[in-house]
Amino acid sequence: MLTFKESCIGVMKLSKPPVNSLNLEYLTEFNIAIEKLENDKSCRGVIITSALPKIFSAGLDILEMYQPNTDRLRQFWTQVQQLWINLYGSQVATVAAINGHAPAGGCLVSLSCDYRIMAPNYTIGLNETQLGIVAPFWFSDTITNTIGFRKAERALQLGYMFTTDEAKACGLIDKIVPPDQIMAVAHEEMKKMFAVPDFARQITKNQCRKQFIDKLHAKRDADTDNFVNFITKDSIQKAMGKYLESLKKRKSG
Amino acid sequence: MLTFKESCIGVMKLSKPPVNSLNLEYLTEFNIAIEKLENDKSCRGVIITSALPKIFSAGLDILEMYQPNTDRLRQFWTQVQQLWINLYGSQVATVAAINGHAPAGGCLVSLSCDYRIMAPNYTIGLNETQLGIVAPFWFSDTITNTIGFRKAERALQLGYMFTTDEAKACGLIDKIVPPDQIMAVAHEEMKKMFAVPDFARQITKNQCRKQFIDKLHAKRDADTDNFVNFITKDSIQKAMGKYLESLKKRKSG
Amino acid sequence: MLTFKESCIGVMKLSKPPVNSLNLEYLTEFNIAIEKLENDKSCRGVIITSALPKIFSAGLDILEMYQPNTDRLRQFWTQVQQLWINLYGSQVATVAAINGHAPAGGCLVSLSCDYRIMAPNYTIGLNETQLGIVAPFWFSDTITNTIGFRKAERALQLGYMFTTDEAKACGLIDKIVPPDQIMAVAHEEMKKMFAVPDFARQITKNQCRKQFIDKLHAKRDADTDNFVNFITKDSIQKAMGKYLESLKKRKSG
Chain Y
4 MLTFKESCIG VMKLSKPPVN SLNLEYLTEF NIAIEKLEND KSCRGVIITS ALPKIFSAGL
64 DILEMYQPNT DRLRQFWTQV QQLWINLYGS QVATVAAING HAPAGGCLVS LSCDYRIMAP
124 NYTIGLNETQ LGIVAPFWFS DTITNTIGFR KAERALQLGY MFTTDEAKAC GLIDKIVPPD
184 QIMAVAHEEM KKMFAVPDFA RQITKNQCRK QFIDKLHAKR DADTDNFVNF ITKDSIQKAM
244 GKYLESLKKR KSG
Chain H
4 MLTFKESCIG VMKLSKPPVN SLNLEYLTEF NIAIEKLEND KSCRGVIITS ALPKIFSAGL
64 DILEMYQPNT DRLRQFWTQV QQLWINLYGS QVATVAAING HAPAGGCLVS LSCDYRIMAP
124 NYTIGLNETQ LGIVAPFWFS DTITNTIGFR KAERALQLGY MFTTDEAKAC GLIDKIVPPD
184 QIMAVAHEEM KKMFAVPDFA RQITKNQCRK QFIDKLHAKR DADTDNFVNF ITKDSIQKAM
244 GKYLESLKKR KSG
Chain W
4 MLTFKESCIG VMKLSKPPVN SLNLEYLTEF NIAIEKLEND KSCRGVIITS ALPKIFSAGL
64 DILEMYQPNT DRLRQFWTQV QQLWINLYGS QVATVAAING HAPAGGCLVS LSCDYRIMAP
124 NYTIGLNETQ LGIVAPFWFS DTITNTIGFR KAERALQLGY MFTTDEAKAC GLIDKIVPPD
184 QIMAVAHEEM KKMFAVPDFA RQITKNQCRK QFIDKLHAKR DADTDNFVNF ITKDSIQKAM
244 GKYLESLKKR KSG
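Chains as they are written, first to last, in the working numbering: chain Y, 4 to 256; chain H, 4 to 256; chain W, 4 to 256.
Source of the hints: derived by calculation from the structure; they are not laboratory data.
For chains that are exact copies, the list does not tell them apart, and a pair is met inside one copy or across any two.
BS3-like cross-link-like pairs, simulated, lysine-lysine; straight-line CA separation at most 27 Å:
no., residue 1, residue 2
1, K57, K252
2, K218, K154
3, K236, K213
4, K194, K245
5, K171, K195
6, K16, K57
7, K154, K213
8, K57, K19
9, K44, K236
10, K57, K254
11, K195, K236
12, K251, K195
13, K194, K154
14, K241, K195
15, K178, K19
16, K194, K241
17, K245, K195
18, K154, K178
19, K171, K154
20, K252, K195
21, K57, K245
22, K19, K245
23, K44, K245
24, K213, K171
25, K44, K241
26, K222, K39
Next up, chain Y with everything else stripped away, as it sits in the complex:
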């Protein structure tokens, strides 16, 4: 994670080659970095972007879920939950500068921010069902809050990946920005949010989102059990094995 501050704005550049996939260690690093900025009183906003070309984040690392050690799998999921709690409930203003593809967890990170700008000709979406897994209820709540129940339900069922244009049309992202201007525009959008007193913006954000974060807090252990039980099923492991095999072939092919 490349983290630096420009006056009151923290910039987090995801930098885990090749595709910014989120494994336990990287999630832990992500959470520590966001919590540090959150607790830095001089920090009013955070921009999340990618340091790698063409990919914002490939999402959760599937290798964490394949033939897992159960203890590590629980820790992994706890960090995924924590990342969402940290981002969706963040007191600082957040902008996702989506400068590459953003499937699954990469999409979730984007949707958890306050504003989303995206470079053209990429794709974004919660495509979990395409991999034979299921986005949990708080992923579902987050996309429903962004694009409404009907479009969210449909996108979740199909595991649909939206093009940048489609994402803009349905409100999944807020603005399309050429890649060379994406950081400049992220700063401009941040300024719009800074025009409002921080505490008023924070209380308002909290009032809108708190019920959803509370729901995960209330069901957190059950959600982890549910994830672990699901992922460790023989049928899911077999499907994942085939998927990983097909990835290997694609790479070597």
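Add chains H and W to chain Y, keeping to what the hints say.
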């Protein structure tokens, strides 16, 4: 009900002349047919359409509600609830091929499916208030989930019937399809849903819709009491009598 | 308040110069007037508009919140809550004829009606955060129900004032009407609602909105405590002092 299977897709053609109105017997038949397909392990999807020209379904049979026997009225409503529970909570993929007008209960059947295609130049809507009756909370939840709170509230209050074009514009239906292509397109749409592993699609659908179905389960008896008390009011019966009289005149006129 | 009746329609013209700001006395008068029309069995609808040029209502009177007497502040907030309960839960059909700017409380009054028509070239929005205060949860629920979660959250955070055109585009208002036709169109829209039997429209409206009104009833005292505690904070009072000072300078400047 004309029910047949084409490989893994069940097709249900509503065929109760003259207008596919849903009385106790037809609702019971509808529920048995859908439950049979649901329990058929080779069945992955169901298309619901009409075998009659120009009408998808006129909705609930008003004769069930006029001068009713209370026991039968309770059974009738129980079957209406069950139809919605079966369709909105269906594990198989469902497509409504709306090849005619779809007022009231006909609209509800459509909205309970996963995808809606509709032939041009028809109308669809929950027009209950136009008849002096009221769509129950689960009808209201279903349309709110489809087109959002504001448009749903307005449509419900006015008992608004949308043209095919208006329905498409506000998201009440998903696609406009010429009548001679409607079954072919229904099959194409089904294939898109089949591209996702069934269990992942089912868990996702369940996660989105379960809370609404649970709400009806929790209030089912009260909802039936409420319906029976409302319908058997003198004022409602008188208004319904006048409405039926006006229908007779229209037919003989 | 200029209140008169044209057959079954009550018309309320806000007439508190210079900007129809809502102080304790005017809120009380507003509530008495709306309750009187609500209890008048010959009254089926209410149109709310402004008798002043260019302003619908400036919203809550900021002078009620600056250096307040706590008892009066509690009474003030109780009347604000009551106004929303009366309007959002009104049994009569309501149309807001927005013939001027409608910030903050002026926007809330509009959003609490059943239908909104607005003259061009004005602005409307819940701009509380711009003043360093926070719209309570029931303001938030009301705008979320009107334009959806995402747009509402964004507008609330930024305290965004929509132009008439922007308000129409996102569904915050329903129709743009030239100022000289606004009362005529309000009557036309009322007639559309009167085409449905009143009781069916009322039960339907109640079914949609009751849960939100119930939520305020359940938390009413806590909401008042919350408001009073927030407003009487030193930091809020200081910010408000500066804001009032800047207003004075603008007027004298």
